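Asks: From first to last, the protein sequence lines stand for chains C and B.
The opening residue of the first sequence carries number 1 in my numbering; numbering runs sequentially from there.
The opening residue of the second sequence carries number 1 in my numbering; numbering runs sequentially from there.
In case anyone wonders, no lab produced these hints; they're calculated from the structure.
Check each hint, because a few of them may be wrong.
What the hints assert, rightly or not - No more than 30 Å apart at the CA atoms, straight line, and that leaves these computed lysine-lysine pairs for DSSO-like: (1) C/262 / B/138; (2) C/262 / B/136; (3) B/138 / B/85; (4) B/85 / B/154; (5) C/262 / B/85; (6) B/136 / C/118; (7) C/118 / B/289; (8) B/289 / C/262; (9) B/85 / B/136; (10) B/289 / B/136; (11) C/262 / C/118; (12) B/136 / B/154; (13) B/138 / B/154; (14) B/289 / B/154.
As the list claims (entries may be wrong) - Sample of chain C residues with no beta-carbon within 12 Å of chain B, all distances over it, derived: (15) 10; (16) 30; (17) 56; (18) 65; (19) 77; (20) 80; (21) 145; (22) 147; (23) 148; (24) 164; (25) 183; (26) 184; (27) 251; (28) 255.
As the list claims (entries may be wrong) - Derived Cβ-Cβ restraints for the label pairs, each shown as a range: (29) C/277 / B/318: 47 to 53 Å; (30) C/147 / B/240: 49 to 55 Å; (31) B/308 / C/2: 55 to 61 Å; (32) C/5 / B/36: 57 to 63 Å; (33) C/52 / B/37: 39 to 45 Å; (34) B/315 / C/86: 20 to 26 Å.
Note that the coordinates shown come from a computational prediction; the quantities given were computed from them, not determined experimentally.
We put the beta carbon where it would ideally sit given N, CA and C, even for glycine.
One-letter residues, chain by chain:
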Amino acid sequence: MDAFIAQVLSGLVTGGIYASVALALVMIYQATHLVNFAQGELAMFCTYLAWTMLDAGFPYWAAFAATIALAFVCGVVIERVVIRPIGESSVLAVVVVFIGLLVIFNSLAGWIFTYTVKPFPSPFPAEPLFGNHYVSSHGIGAIGVTLVVLALLYAFFRFTSLGLAMRAAAQNPVSARLVGIRVGWTRALGWGLAAAVGSIAGMMVAPTVYLDPNMMAGILLYAFAAALVGGIDNPWGAVAGGFLVGVLENLLGAYVIGTELKLTVALVLIVGVLVIRPSGLFGRVTVKRV
Amino acid sequence: MAALPTDSATARRNQWLGLALVVLLAAVLPFFLSNYRVFQLTLVLAYAIVLLGLNMLTGYNGQISLGHGAFYAIGAYTAAILMDKFGVPYWLTLPAAAAVCLVAGFLFGLPALRLEGLYLALATFALGVALPQLLKYKHFEHWTGGVQGIVIIKPDAPFGLPVNADQWLYLFTLGVAALMFILGVNLLRGRIGRALVAIRDQPIAAEAMGVDISLYKALTFGVSAMYTGVGGALGAIAVQFVAPDSFTIFLSIAFLVGIVVGGLASVSGAIYGALFIQFVPNIADQISKAAPWAIYGVFLIACMFLMPGGIAQVVGGAWQRLRRKPGKSV
Numbered sequence: 001m002d003a004f005i006a007q008v009l010s011g012l013v014t015g016g017i018y019a020s021v022a023l024a025l026v027m028i029y030q031a032t033h034l035v036n037f038a039q040g041e042l043a044m045f046c047t048y049l050a051w052t053m054l055d056a057g058f059p060y061w062a063a064f065a066a067t068i069a070l071a072f073v074c075g076v077v078i079e080r081v082v083i084r085p086i087g088e089s090s091v092l093a094v095v096v097v098f099i100g101l102l103v104i105f106n107s108l109a110g111w112i113f114t115y116t117v118k119p120f121p122s123p124f125p126a127e128p129l130f131g132n133h134y135v136s137s138h139g140i141g142a143i144g145v146t147l148v149v150l151a152l153l154y155a156f157f158r159f160t161s162l163g164l165a166m167r168a169a170a171q172n173p174v175s176a177r178l179v180g181i182r183v184g185w186t187r188a189l190g191w192g193l194a195a196a197v198g199s200i201a202g203m204m205v206a207p208t209v210y211l212d213p214n215m216m217a218g219i220l221l222y223a224f225a226a227a228l229v230g231g232i233d234n235p236w237g238a239v240a241g242g243f244l245v246g247v248l249e250n251l252l253g254a255y256v257i258g259t260e261l262k263l264t265v266a267l268v269l270i271v272g273v274l275v276i277r278p279s280g281l282f283g284r285v286t287v288k289r290v
Numbered sequence: 001m002a003a004l005p006t007d008s009a010t011a012r013r014n015q016w017l018g019l020a021l022v023v024l025l026a027a028v029l030p031f032f033l034s035n036y037r038v039f040q041l042t043l044v045l046a047y048a049i050v051l052l053g054l055n056m057l058t059g060y061n062g063q064i065s066l067g068h069g070a071f072y073a074i075g076a077y078t079a080a081i082l083m084d085k086f087g088v089p090y091w092l093t094l095p096a097a098a099a100v101c102l103v104a105g106f107l108f109g110l111p112a113l114r115l116e117g118l119y120l121a122l123a124t125f126a127l128g129v130a131l132p133q134l135l136k137y138k139h140f141e142h143w144t145g146g147v148q149g150i151v152i153i154k155p156d157a158p159f160g161l162p163v164n165a166d167q168w169l170y171l172f173t174l175g176v177a178a179l180m181f182i183l184g185v186n187l188l189r190g191r192i193g194r195a196l197v198a199i200r201d202q203p204i205a206a207e208a209m210g211v212d213i214s215l216y217k218a219l220t221f222g223v224s225a226m227y228t229g230v231g232g233a234l235g236a237i238a239v240q241f242v243a244p245d246s247f248t249i250f251l252s253i254a255f256l257v258g259i260v261v262g263g264l265a266s267v268s269g270a271i272y273g274a275l276f277i278q279f280v281p282n283i284a285d286q287i288s289k290a291a292p293w294a295i296y297g298v299f300l301i302a303c304m305f306l307m308p309g310g311i312a313q314v315v316g317g318a319w320q321r322l323r324r325k326p327g328k329s330v
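Bound-form chain B, shown alone:
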């Protein structure tokens, strides 16, 4: 495994080249697909951002969240309320949603510091179950629109670009997703990423090495919620509608399915997971209304037994095998 510096530099350059190629491919994709498919892919990108955020918290840092649908909802509602009530342009709602969710996540993360493993899962589960009711609460109805929710208008392409609204939103989301992924990768590759993994695997040793566990954990919660909120805002703009009943505990569970199936503690896993939770239910829906969830459940358990690294592990393994030159052991 020990590669020479020059080797790793080329490998790195290749990686960036490959990434740029993927983004370029993704950018031309909408011009060959129907508007509905483009809309679906926009949601995939929004989910991918969410899953990256959840993976930072659960995969890398080991804090289990079963309630990330709540932060998704907060991001979505922030965007919808700003656009509907204050006429804020859609692109400005993203930093707002990010800021609101960062604070909300950090504040929820503070008491959550005292909870370990199972109990954190319990507390976040409660958050996920309770949130739709909170959104329906009659004293917030002036803002949230109660059970009816809020309808928002899809933005048109700016500067007279020759793309329709769906294609523009897709490209916009792709840009945001690329930015969030670059930020995320840099965060996880460096010192902070190592600290997160250390806290997950050996909290006591990490503390002894000078990692401020409380600060890191609460901040991870905040950053993770921030990613989720940005995804939620993009999702809301794409769907053009927010309502309490789209943000039940099952949304949070879908996110959990996404990171488990995509690959825990892997960046690319977020994309596989997002594709999975967007397209598998669509296919399974044709069998029965309940089938997508049955499949989710089976995949959750099967992944834990058969491929704990998810799709990312399988793809990564295959890639390694392809690249391996004959006669050279890795």
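Next up, chain C with everything else stripped away, as it sits in the complex:
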């Protein structure tokens, strides 16, 4: 039983990471109805930026804040320079551009920072909190950070006029433009926010998996699974899906199939959800007009 609780809790910790990347995916999906394949690599690259600042002697939280700001700018610039001109020409063109971005960020990170694995510090104390022997304090901290981010995003979308404008632009761009919302900029803002959320996820995951250019591939896959399980248009669903997928992954890994097939679990989850219930557990069913 003890081992079981430990597995569930460590599943929640990894689930928190999946949840934050899934949250970033949902942000972009809500703003543009696109699934960003480069999200993971963007987060990885931002984590390298954080590492550079820490290496130069910045205090942790200063580097943390600066990285989030840089990631935000990065996201806005990418949207303005690459995504906006391609517009809604065709799904294939958009996917190709995303894959191009993925490859560019991956190779840039390898080029600038080399492919050697680097340790990344955790802002949380090394000894477990409250004397528990299940979860490290970094794990608890990471979950806490995910929940804080979720709460902030919720508050932003629910209580600010900018958040309202963004929701309006995502739901009905034409009418939103008619009432004076600058739809193009709300999309760029969505990208910036997604990049910022992604960079937080990157900094939270790096202490456990170590920093290297390929660290996000598996995580991105699980984040896709999480976003789809929860419903890709629903931030709460994405976070719930993240925790669910994290726990499921850990329990299956510990008791059923072993750790070697973890990515296959994600594959089965993704295909399964898409085939059986494309809207996910909490998503809205959309009907397409012919």
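Position chain B relative to chain C; hints supplied.
Replies: Showing chain B alone in chain C's frame:
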């Protein structure tokens, strides 16, 4: 553009003549090059088959696959296991790899029918990321050789032909590639090809015209995987080695780069794309280990903005301009 029937017949004959000339040139090429170059060209031909298959699916039919490295791997492993464990001759492994991949592609294509555009890309992306782990799985290790992979032996030329193993494999691959291309061109030029393009551009209208969308889509997936599997088997025989880590998601991305840079929905684009993904990394490697991928990424995005038809479009445009007689508008 409206040409007289006699005109188009000559044009067609010229086309076939030109093609025969290219194949003849390609056939004498290995006798003037080092064995290493011949090996590289063998891989180009194998990639060209793969890219033609992927182009059928993604370029012509509009189903985005980011996981074709998986079918390449299945073809490669089929060939390697048959040769290593059962002593099957190398040429017999090709139909086997084709059959296995046809079935695998068709089966993956069935659930994929329900997925459109972005979601299909997602599902195939997951397939591409997950496959290396599956190949390493310890319960398959007896067959796949686990992390170590399988080493196979390069076949010698038959009938005492005066060519070395590399040259023979190149010629063999050239023959297979020519066959696959002729089959592919005939498939795409006719009724089926038109149906594929119709499904890509106007699925509802296509259905109203009596095209069985589900069947066509699943079959295209199967045929595309079959081409990829044949390419994979040839690639494995040329490299003489298969291991899980040669078939990561980046292989699938390289194939995507190949069809985008070579030319989407074009047959000749497969050859340009194959040359690109074989030789550009070789040149770029001298700058940095990461440079080939940076260049791939830049080319992917630049192609989408500047030349959506890829190299095939540029070459085709130049060819048209050269052929145009003065004073005659096309």
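Asks: Take the hints in turn and mark each one as holding or not.
Replies: Here's how the hints hold up against the structure:
no., hint, in the structure
1, C/262 / B/138, "13 Å, holds"
2, C/262 / B/136, "12 Å, holds"
3, B/138 / B/85, "17 Å, holds"
4, B/85 / B/154, "15 Å, holds"
5, C/262 / B/85, "28 Å, holds"
6, B/136 / C/118, "26 Å, holds"
7, C/118 / B/289, "18 Å, holds"
8, B/289 / C/262, "29 Å, holds"
9, B/85 / B/136, "17 Å, holds"
10, B/289 / B/136, "26 Å, holds"
11, C/262 / C/118, "24 Å, holds"
12, B/136 / B/154, "24 Å, holds"
13, B/138 / B/154, "27 Å, holds"
14, B/289 / B/154, "29 Å, holds"
15, 10, "20 Å, holds"
16, 30, "14 Å, holds"
17, 56, "23 Å, holds"
18, 65, "29 Å, holds"
19, 77, "14 Å, holds"
20, 80, "14 Å, holds"
21, 145, "26 Å, holds"
22, 147, "27 Å, holds"
23, 148, "29 Å, holds"
24, 164, "27 Å, holds"
25, 183, "20 Å, holds"
26, 184, "18 Å, holds"
27, 251, "18 Å, holds"
28, 255, "17 Å, holds"
29, C/277 / B/318: 47 to 53 Å, "50 Å, holds"
30, C/147 / B/240: 49 to 55 Å, "53 Å, holds"
31, B/308 / C/2: 55 to 61 Å, "59 Å, holds"
32, C/5 / B/36: 57 to 63 Å, "58 Å, holds"
33, C/52 / B/37: 39 to 45 Å, "42 Å, holds"
34, B/315 / C/86: 20 to 26 Å, "24 Å, holds"
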